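S.K.: Same order as they appear, the protein sequences are chains R and S.
My numbering applies: residue 1 is where the first sequence begins, and numbers increase by one.
My numbering applies: residue 1 is where the second sequence begins, and numbers increase by one.
Simulated from the structure, these hints should not be mistaken for laboratory data.
Nothing here was measured: the structure is a model prediction, and the numbers come from that model.
Keep in mind that a hint or two might mislead.
What the hints assert, rightly or not - Here are the computed lysine-lysine pairs in the DSSO-like style, where the Cα-Cα straight-line distance is at most 27 Å:
hint: 1; chain 1: S; residue 1: LYS108; chain 2: R; residue 2: LYS69
hint: 2; chain 1: S; residue 1: LYS108; chain 2: S; residue 2: LYS97
hint: 3; chain 1: S; residue 1: LYS260; chain 2: R; residue 2: LYS147
hint: 4; chain 1: S; residue 1: LYS234; chain 2: R; residue 2: LYS147
hint: 5; chain 1: S; residue 1: LYS172; chain 2: R; residue 2: LYS82
hint: 6; chain 1: R; residue 1: LYS147; chain 2: S; residue 2: LYS161
hint: 7; chain 1: S; residue 1: LYS139; chain 2: R; residue 2: LYS82
hint: 8; chain 1: R; residue 1: LYS69; chain 2: S; residue 2: LYS97
hint: 9; chain 1: R; residue 1: LYS185; chain 2: R; residue 2: LYS115
What the hints assert, rightly or not - Some residues of chain R that are not near chain S, with every Cβ distance over 10 Å (derived):
hint: 10; residue: MET92
hint: 11; residue: ASP94
hint: 12; residue: LEU96
hint: 13; residue: HIS112
hint: 14; residue: THR134
hint: 15; residue: ARG142
hint: 16; residue: ASP186
hint: 17; residue: THR188
hint: 18; residue: GLY195
hint: 19; residue: LEU197
hint: 20; residue: GLU202
hint: 21; residue: GLN206
hint: 22; residue: PHE226
All C-beta atoms in this analysis are idealised placements derived from N, C-alpha and C, irrespective of residue type, glycine included.
Read off the chains here:
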Amino acid sequence: MNIGAIRRNRRITLLVIGLAAIAFMVYALAMTLKMPAHEIKRLNQLYSDTVRSESDHILMNDDIFRLRKEESFLRSRLAMAKNDSISLTLDMHDSLLMLELEGVAIHQARVHHIKMSPVFSNMNRSALVQLFDTPFRVDSCRATIVKEPIIVQKAPADTIEAARQETVRDTMPPPPATYHLFLNKDITLIIVQTGELDKKNEIYRQFVQTNLHRKVDHIIRNLARFQVPDYRPWIMVFVAQDDAITTYRAIPYHSLVTVRI
Amino acid sequence: MDMDSDRTHSPSFPHRQNHLSEEGKDPQARRGFWQRSPIRIFANFALWILEIAAILAFLTVFVLYALPYAQEMSIRIKKPQARVIPVHDTTAADLEKAVASIENSIAKLQKQLDKFTPAAAYLTINTNENEFALYLKKKLVRQGLCSTGKYVMLEAGENQKWIFKTPRGVRKVLNKQTAPVWTKPDWAYIEEGLPIPPVNHPSRYDAYALGEYKLDLGNGYMVHGTLYQRLLGKPVTHGCVRMGDEDLEEVYKTMSAGSKVYIY
Numbered sequence: 001m002n003i004g005a006i007r008r009n010r011r012i013t014l015l016v017i018g019l020a021a022i023a024f025m026v027y028a029l030a031m032t033l034k035m036p037a038h039e040i041k042r043l044n045q046l047y048s049d050t051v052r053s054e055s056d057h058i059l060m061n062d063d064i065f066r067l068r069k070e071e072s073f074l075r076s077r078l079a080m081a082k083n084d085s086i087s088l089t090l091d092m093h094d095s096l097l098m099l100e101l102e103g104v105a106i107h108q109a110r111v112h113h114i115k116m117s118p119v120f121s122n123m124n125r126s127a128l129v130q131l132f133d134t135p136f137r138v139d140s141c142r143a144t145i146v147k148e149p150i151i152v153q154k155a156p157a158d159t160i161e162a163a164r165q166e167t168v169r170d171t172m173p174p175p176p177a178t179y180h181l182f183l184n185k186d187i188t189l190i191i192v193q194t195g196e197l198d199k200k201n202e203i204y205r206q207f208v209q210t211n212l213h214r215k216v217d218h219i220i221r222n223l224a225r226f227q228v229p230d231y232r233p234w235i236m237v238f239v240a241q242d243d244a245i246t247t248y249r250a251i252p253y254h255s256l257v258t259v260r261i
Numbered sequence: 001m002d003m004d005s006d007r008t009h010s011p012s013f014p015h016r017q018n019h020l021s022e023e024g025k026d027p028q029a030r031r032g033f034w035q036r037s038p039i040r041i042f043a044n045f046a047l048w049i050l051e052i053a054a055i056l057a058f059l060t061v062f063v064l065y066a067l068p069y070a071q072e073m074s075i076r077i078k079k080p081q082a083r084v085i086p087v088h089d090t091t092a093a094d095l096e097k098a099v100a101s102i103e104n105s106i107a108k109l110q111k112q113l114d115k116f117t118p119a120a121a122y123l124t125i126n127t128n129e130n131e132f133a134l135y136l137k138k139k140l141v142r143q144g145l146c147s148t149g150k151y152v153m154l155e156a157g158e159n160q161k162w163i164f165k166t167p168r169g170v171r172k173v174l175n176k177q178t179a180p181v182w183t184k185p186d187w188a189y190i191e192e193g194l195p196i197p198p199v200n201h202p203s204r205y206d207a208y209a210l211g212e213y214k215l216d217l218g219n220g221y222m223v224h225g226t227l228y229q230r231l232l233g234k235p236v237t238h239g240c241v242r243m244g245d246e247d248l249e250e251v252y253k254t255m256s257a258g259s260k261v262y263i264y
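In isolation and in its complexed conformation, chain S is listed as follows:
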């Protein structure tokens, strides 16, 4: 293309237009102010930027939305493979034999797996929903609400920290006790903003807080009763499992030392 001729006839070339206008030969020179105004130049530039932006926007939408879904679509449109792999030299007897062999293997595996579930009483504790379930001879015998750890970290200075949560995993009942007495630890006073009494001070012993029964799970964790029955079903404890009176009684009577408690 001839660049000079184009330039000569360009309506947007102001110097050339002015020159021609003076001579009165170029009709385009009579065009209005708009044709050579900076606003029009700017508008052209803006349009060009918009066009590039549109391409980039389209590309972005393609990358963000089309690409991730394209991979899934590619399999969906593919023909599914043949369901049955051709069997050439296999007779019906072979198939029966194979089925029997696998069924035998399944029975063995199921038996092995069943052995893991205790036939004796065991307890499961759901710390998220604050529920328990009591099983005996692999059958559910009772379920209900309980209270577990409240997930609070109590900080008292640099070195004193306690996390009040019920640890997950499997534990065993170490011993059982009726009319348990709770020996209040230091955190019980710190949490309530009370001064800490000396060790073995009479105020440390509480004969009512743990209810009628206690099942010791080790490391200071217990299953016990509570004075705050209305809080059952909520995470409010310092790590122990609290139960309602009737539930606790049945759990106490059903479980024995060595029974497993599954906490999750």
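This is chain R alone, in the form it adopts within the complex:
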């Protein structure tokens, strides 16, 4: 083959790859942009007026909406109080993150800042109240911190070895405390410590990268099957580092969670 033909073939290949990339980007963008609207529609259909009467639904002005939210919060906490394990309560109205055990608020942490997926503000009010009316259950979680920081220690042979063990302690700086609670009803609760995060910390970096890769992987898989990828509405809460660690370590793996919006 002569060089001119090779060049032409290369240009054609380049053009095909470029066009394919543009086509993919347009398709991916179109499908991705559909995701939240799809989720809002799904949540509205799932939670609107499934229990309450039509009259309850239409009477949803600002006052009633506020009262309904408070009512659903209390109802959810009451349901949680019947459980005998530690549960988590997020009160966005009073900016509190609480641990509750058998209905007793055993720990209260001040919430410094809250961010929310715009899905919630675009949902039907009636559906929103219904969504938060019962406790969520943690399906799975991911964190930069360990649940139980257990150190394995071999029994010392004598008193000298025992004395040496006493002095050996972990001096590694802890990673920034952050954890994701993947709740049922397809909502993610993200707790992040306040202050400057050490983004160079290896554990934290891996945590962020894994989250991104999982998200992208999920989107690509759905796009490959010509499906609109699922979108998980999220709530991000910023609390002090100690409170982030305390709450994460205190709650069991499948804890109950109540949120007051």
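Using the hints provided, position chain S relative to the given structure of chain R.
M.R.: For chain S alone, coordinates are given in the frame of chain R:
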């Protein structure tokens, strides 16, 4: 396009160029070594690879960064829905009635929820920050530092393992005792690298380690005093909760058998 004519005039076609050069008819044949050198061919190829790599890199950045954020943006640019759902046949009286009904429901729920918090004394223990809080009649009466389990698994051979942690959950004070004596278990010797004495050996009894008071929480766990006051606020115990002398005294006097201890 005529492939042959293009080939004829191609400066990168060495055989054809050489032939024309010999005849002295093609001015392009006088071009330098660079025009037909393998370096130039390689450079062209490398450029082509770079162009493909650039497209792929752009695509990767798009997938990794643009796609995840595009979903959020799509809602932000959407107009928010109307805040108030139109009320057609609803009068002010209906609204008042609805508000009263919900307020009544809230009051009832709050009352039910309040019943869960003991009016009697109760204690909360934070094992992460090693702090306690004592409540009486639903009011905080004292808080301070304590020491809880150190999260160490002591292994002595295949079958002997102990985990020194304070179990989370709710417990009740089973009994209270002054001037308690600690009967040292085997792990206390193993941990210090000492030989284990026989059961009921006098060396097993320690009258000072637990301080002045002890509140028994069951399963071998206790709230008690300590000789190591400087370690309060740190996770150093074998699962019990250690307190400073003054704090322990108040807890001992305030709590009674049956009082709840919430550990988290």
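S.K.: Each hint: holds or not?
M.R.: Against the structure, the hints come out as follows:
1. LYS108(S) - LYS69(R): 15 Å, holds
2. LYS108(S) - LYS97(S): 17 Å, holds
3. LYS260(S) - LYS147(R): Within the cut-off at roughly 25 Å; holds.
4. LYS234(S) - LYS147(R): Between LYS234(S) and LYS147(R) the Cα gap is close to 18 Å, so the pair holds against 27 Å.
5. LYS172(S) - LYS82(R): Cα-Cα ~18 Å, so holds.
6. LYS147(R) - LYS161(S): Holds, at about 20 Å.
7. LYS139(S) - LYS82(R): 23 Å, holds
8. LYS69(R) - LYS97(S): Roughly 17 Å separates the two Cα atoms, so the pair holds.
9. LYS185(R) - LYS115(R): 19 Å, holds
10. MET92: Non-interface label on MET92(R) holds, nearest chain S Cβ at 17 Å vs cutoff 10 Å.
11. ASP94: 14 Å, holds
12. LEU96: Since the minimum Cβ distance to chain S is about 15 Å, LEU96(R) lies beyond 10 Å and the statement holds.
13. HIS112: 18 Å, holds
14. THR134: 13 Å, holds
15. ARG142: About 16 Å separates ARG142(R) from the closest Cβ of chain S, which puts it past 10 Å; holds.
16. ASP186: The claim stands: ASP186(R) keeps its Cβ more than 10 Å from every Cβ of chain S (closest is about 14 Å).
17. THR188: 13 Å, holds
18. GLY195: 17 Å, holds
19. LEU197: Label holds. Min Cβ-Cβ 19 Å, cutoff 10 Å.
20. GLU202: The claim stands: GLU202(R) keeps its Cβ more than 10 Å from every Cβ of chain S (closest is about 20 Å).
21. GLN206: 16 Å, holds
22. PHE226: Given that every Cβ of chain S is farther than 10 Å from that of PHE226(R), nearest at about 16 Å, it holds.
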